[in-house]
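From first to last, the protein sequence lines are chains W and P.
Residues in the first sequence are numbered consecutively from 5, following our numbering.
Residues in the second sequence are numbered consecutively from 52, following our numbering.
It is worth saying that the hints were derived from the structure and are not from the lab.
Watch out, some of these pointers could steer you wrong.
[Said to hold, decoys possible] Listed next, with one range per pair, are the computed distances between beta-carbon atoms:
id : chain 1 : residue 1 : chain 2 : residue 2 : range
1  : P       : A267      : W       : M291      : 36 to 46 Å
2  : P       : A267      : W       : W147      : 58 to 68 Å
3  : W       : F175      : P       : T107      : 49 to 59 Å
4  : P       : K448      : W       : V158      : 50 to 60 Å
5  : P       : S560      : W       : I155      : 31 to 41 Å
6  : P       : S560      : W       : F162      : 17 to 27 Å
7  : W       : I121      : P       : D260      : 32 to 42 Å
Virtual Cβ for every residue (Gly too), placed ideally from N, Cα, C.
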Amino acid sequence: MSLSTVDAAATAVPPEEPAVKGIEGRTPLQLVVQRLRTDRVAIISVVVIVLIIALAIGAPLIAAITGHGPTDTNVDNGTDANGQPLPPGSAGYLLGTDNLGRDILVRIAYGARVSLIVGVVATAIATIVGVVVGLFAGYYGGWLDSILARIMDVVLSFPYVLFAIVLVSVFGSSLPLTILVIAFFSFAAIGRIVRGQALSQREKEYVEAAHSLGAGNMRIMFVDILPNLVAPVIVLATLLIPTAIIFEATLSFLGLGIALPTPSWGNMLSDAEGVGFQAWWFYIFPMIFLLLTTLAFNLLGDAVRDALDPRTERIFAARRKKKPA
Amino acid sequence: MTLGSVLARGMGRSPRGLTKRIGFVGVAAVAVVACGSTSSSPTASGSGPADLFNPTNFNTSTVSWLSANQNASGTPVMGGTLKIEGSTDLSAAADPQAEYETIAFGLERTYTRQLVSYAASSDFNKAVTLVPDAAAMPNVSSDSLTYTFKLNSGLMWNTVPPRPVTSEDFARGILRNCDPTLAPNGNPAYYSSTIAGFKAWCTAFEGQDPSESPAARAATINAGMTSVSGIKTPDANTIVFTLTQPATDFTSILALPFASAAPVEYLKYTPLAPGNTIYSDGPYAITTYNVGHEIVLTRNAAWTPASDTIRHQYVNEIDVKLDLAGSAAATEVQQDMAAGTADLSWNTDVPPADVQGLETPSWNAGLGTFPAPGTTNPYLVFNVQSPNNSGALGNVKVRQALEYAVDKVALGKIYGGASLNQPLNQVIGPGAEGYVQFNDYPTKNNQGDPGKCKSLLAAAGFPNGITLKDYYRNSGNHPAVFQEIQSDFQKCGVTVVGTPIATGYYGSSGIGVTSPDGLKAGHWDITEPGWVPDWFGPTNGRATLPDIFGAANFPGSNWGGFNDPAVEALITQAESATSISAAASLWHQADQQVMKDAPFVPFQTQLTPLFHSTKVHNAIYQPFSEGYDYTQIWLSS
Numbered sequence: 005m006s007l008s009t010v011d012a013a014a015t016a017v018p019p020e021e022p023a024v025k026g027i028e029g030r031t032p033l034q035l036v037v038q039r040l041r042t043d044r045v046a047i048i049s050v051v052v053i054v055l056i057i058a059l060a061i062g063a064p065l066i067a068a069i070t071g072h073g074p075t076d077t078n079v080d081n082g083t084d085a086n087g088q089p090l091p092p093g094s095a096g097y098l099l100g101t102d103n104l105g106r107d108i109l110v111r112i113a114y115g116a117r118v119s120l121i122v123g124v125v126a127t128a129i130a131t132i133v134g135v136v137v138g139l140f141a142g143y144y145g146g147w148l149d150s151i152l153a154r155i156m157d158v159v160l161s162f163p164y165v166l167f168a169i170v171l172v173s174v175f176g177s178s179l180p181l182t183i184l185v186i187a188f189f190s191f192a193a194i195g196r197i198v199r200g201q202a203l204s205q206r207e208k209e210y211v212e213a214a215h216s217l218g219a220g221n222m223r224i225m226f227v228d229i230l231p232n233l234v235a236p237v238i239v240l241a242t243l244l245i246p247t248a249i250i251f252e253a254t255l256s257f258l259g260l261g262i263a264l265p266t267p268s269w270g271n272m273l274s275d276a277e278g279v280g281f282q283a284w285w286f287y288i289f290p291m292i293f294l295l296l297t298t299l300a301f302n303l304l305g306d307a308v309r310d311a312l313d314p315r316t317e318r319i320f321a322a323r324r325k326k327k328p329a
Numbered sequence: 052m053t054l055g056s057v058l059a060r061g062m063g064r065s066p067r068g069l070t071k072r073i074g075f076v077g078v079a080a081v082a083v084v085a086c087g088s089t090s091s092s093p094t095a096s097g098s099g100p101a102d103l104f105n106p107t108n109f110n111t112s113t114v115s116w117l118s119a120n121q122n123a124s125g126t127p128v129m130g131g132t133l134k135i136e137g138s139t140d141l142s143a144a145a146d147p148q149a150e151y152e153t154i155a156f157g158l159e160r161t162y163t164r165q166l167v168s169y170a171a172s173s174d175f176n177k178a179v180t181l182v183p184d185a186a187a188m189p190n191v192s193s194d195s196l197t198y199t200f201k202l203n204s205g206l207m208w209n210t211v212p213p214r215p216v217t218s219e220d221f222a223r224g225i226l227r228n229c230d231p232t233l234a235p236n237g238n239p240a241y242y243s244s245t246i247a248g249f250k251a252w253c254t255a256f257e258g259q260d261p262s263e264s265p266a267a268r269a270a271t272i273n274a275g276m277t278s279v280s281g282i283k284t285p286d287a288n289t290i291v292f293t294l295t296q297p298a299t300d301f302t303s304i305l306a307l308p309f310a311s312a313a314p315v316e317y318l319k320y321t322p323l324a325p326g327n328t329i330y331s332d333g334p335y336a337i338t339t340y341n342v343g344h345e346i347v348l349t350r351n352a353a354w355t356p357a358s359d360t361i362r363h364q365y366v367n368e369i370d371v372k373l374d375l376a377g378s379a380a381a382t383e384v385q386q387d388m389a390a391g392t393a394d395l396s397w398n399t400d401v402p403p404a405d406v407q408g409l410e411t412p413s414w415n416a417g418l419g420t421f422p423a424p425g426t427t428n429p430y431l432v433f434n435v436q437s438p439n440n441s442g443a444l445g446n447v448k449v450r451q452a453l454e455y456a457v458d459k460v461a462l463g464k465i466y467g468g469a470s471l472n473q474p475l476n477q478v479i480g481p482g483a484e485g486y487v488q489f490n491d492y493p494t495k496n497n498q499g500d501p502g503k504c505k506s507l508l509a510a511a512g513f514p515n516g517i518t519l520k521d522y523y524r525n526s527g528n529h530p531a532v533f534q535e536i537q538s539d540f541q542k543c544g545v546t547v548v549g550t551p552i553a554t555g556y557y558g559s560s561g562i563g564v565t566s567p568d569g570l571k572a573g574h575w576d577i578t579e580p581g582w583v584p585d586w587f588g589p590t591n592g593r594a595t596l597p598d599i600f601g602a603a604n605f606p607g608s609n610w611g612g613f614n615d616p617a618v619e620a621l622i623t624q625a626e627s628a629t630s631i632s633a634a635a636s637l638w639h640q641a642d643q644q645v646m647k648d649a650p651f652v653p654f655q656t657q658l659t660p661l662f663h664s665t666k667v668h669n670a671i672y673q674p675f676s677e678g679y680d681y682t683q684i685w686l687s688s
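Construct the entire structure; sequences and hints are all you get.
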């Protein structure tokens, strides 16, 4: 550095103290998003979920490119002379074939559709039903609470596989039935949480104030109380999605879920059961996708829970400070 | 077979046809056998390759791996425990008149005797040829209606004290088949359709209250010993059967375990009750039966080698472990046999991946792939009485069109490929009585012809196709078979909608009906059962075609309700033919007529892959039980 430069710097007008930046107002959503953006695990989970969604949406495209439909059996050319599946990399089959010569990649892509549809729709139904039942039980209390709470207890303690067997034997296995079974056995988990929260919230002053202003019960429940329950409901719903996906895979593995030949990761694993360990691709790939998807949703759920929890602010603040360094 | 007996007993046949055999070959996949294939595979040698699917020439000189698999060299070692492992129990408490599965037939060989039976032989022809067992070969009258058996000396029950086996014990055994408490096990129809005076007596007995006291049932059986005109026991060593009409297969029927001798003690208790003592006149006796877990047989001290020319008593003990976990059982058994902690499999097959490893780079001596001629497993049967699609399946032209839809090579691959499966285009398979190869519905390489199917379907009045309901079993290879059929039929414009049925309920509350009108409800249009003949050899016609397409077996194992008077007439003539050649010719004609009617689509005939540990010597395949003969095995020390 030259002297002149130093002089110039020394003679320069000293800068004013930076003005204190005004405190920025942020909505809870902005806070959550900001926190999630600092959470690498959450970001990776979102990326994985987006990729799985893209795979599901692009399933027909993959089928068109490979020329293999998801249910088109091709035993003559898609298996070896002894009827064993072809390994990954065999002509035209990136992830290999299954016991009927079908393209594992195409079936996994279509299986992703089933998993996501079941996971999201069943969770949505379970969440809506759980919130409504929990709100009514918690807000009204008394005999209604007793009945609804006991119903939820029964649902939570019910052997769902046996129930599914009975339903399937009566109605036959199908996607809507699978969704309904999963939703039925999932709503109580949300209902219980919402009920507990509603029991607590209904004693708060703002509810009393709403009452005194003449608000009706429905308005108080759904306009005043419900927004205060959004955080735990979102967290639970996010964690219910992977549970629903596993639930579907379990039912399909047992032959009680998605009807054949529609591919689902569960019935793909079931098909793989009888083929033997040497055809590892037959079960490893559906298993990996099942694992990745459920893990991503679970980790995202955990991250959302942390992001919604004001008690974790210190952790996120520390991360934000570390970030520039 | 009477309608009553079919109602009561028809389903009893199903375990053999539906459970064991299909369980055995259900996931069997890969093996290279003596069909003249690759150089790495042990193929037939000597006098030329044997066609294992039509095993007229199956012996150690034509099948190169057979001697090594039998492992008969050396001096037999006495002693040791033969360890057998599996995942299922017997179905009828080891009762010789009620057990109807190949696993049971194999075990019964050790503790029951029949008047005539099969010698253990690695030569298939000898293995299905009847030889004297408890009695000498019968003296048959010139009109072929009277069979006189003289019992050999030295046969003893393991009672306390040991007591001689008499002709009355054999008569009692046959009469016990009609005990109502045994229903729906066993198959008395074989005897009621052949022995004079048996049918009326049997029908009356079957109609008795099954809950009545053992004494009441004993009285009925004791009365039958004298009242059934076709069974006489003039002395303790002589039994005489009189038939209603000639039957070239009557001695085969007497070789079934259902015709085993039954001691008088069996009349003292209610059959099939847990804890019943099963007496033995064979080389081994059941000493422990821990239901669902284990069966232990030890040497029967009352048995003498001099009294038995077809069995041995080499090992001290036979220990059958029954309770391995279902889905992993096959792998576990295979690993245990390879490690030497088990010697034989009970009910599981060799896992496909393991078979592949056993046949390359050189054939493992423990592996064998054996024929079961006449087996049809699985096959597609039409509910010809279904009202669905305006009764389309009642139209023979529709059924004939659908004969062209199926890719039989693909179906064979589901069961392990061409080395274990051969496409079949008729009822009677190679090696079975009446087999003459023909194909009324040929397609290129047996891979189906959707175009022809479609055009014939249109010509039959269904240009837009039809929709069929398929009941399929939800385990083993059956879901794959369903999907392949669905795919094949789709190419023909036929939509197949599947309903999975738990395997245990498949034959009973699944496809089975209990009334003649049961199929008219149209719960299912097509389904894929399987069939294993009750015996093999040159006189097994009665155990194949009539069982699955005879009107007498509906309701029952004639699942689809097929009934053609022309076929019935041929069955009647064949069953009463006086010569084996005449019977064979008539069975072939019946086969042709059935295929014209197209009540089913045959898929394939198969081989059974078996394995044994290196300790096992003298492993001889017994077609009758589709397993190794336990009474021939000795173990290296």
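- Take the C-beta atom of P/A267 and the C-beta atom of W/W147, compute their distance, and say whether it sits inside 58 to 68 Å. Holds, at about 59 Å.
- Honestly, do P/A267 and W/M291 meet the 36 to 46 Å range at C-beta? At 60 Å between Cβs, range violated.
- Message: Against the range 49 to 59 Å, how does the distance between the Cβ atoms of W/F175 and P/T107 compare: consistent or not?
- Response: Once the Cβ atoms are compared, 51 Å apart, the range 49 to 59 Å for P/T107 and W/F175 holds.
- Query: Is 17 to 27 Å a correct range for the gap between the Cβ atoms of P/S560 and W/F162?
  - Reply: With a Cβ separation near 25 Å, P/S560 and W/F162 satisfy 17 to 27 Å, so the hint holds.
- Query: Is it true that the C-beta distance of W/I121 to P/D260 lies inside 32 to 42 Å, as the hint says?
  - Reply: 56 Å, violated
- Item | Verdict for P/K448, W/V158 (Cβ pair) under range 50 to 60 Å | 55 Å, holds
- Task: Determine whether the Cβ-Cβ distance between P/S560 and W/I155 falls within the hinted range of 31 to 41 Å.
- Result: For P/S560 and W/I155 the Cβ distance comes to about 32 Å; the hint holds.
When the structure is compared with the earlier hints, violations turn up for hints 1, 7 and for no others.
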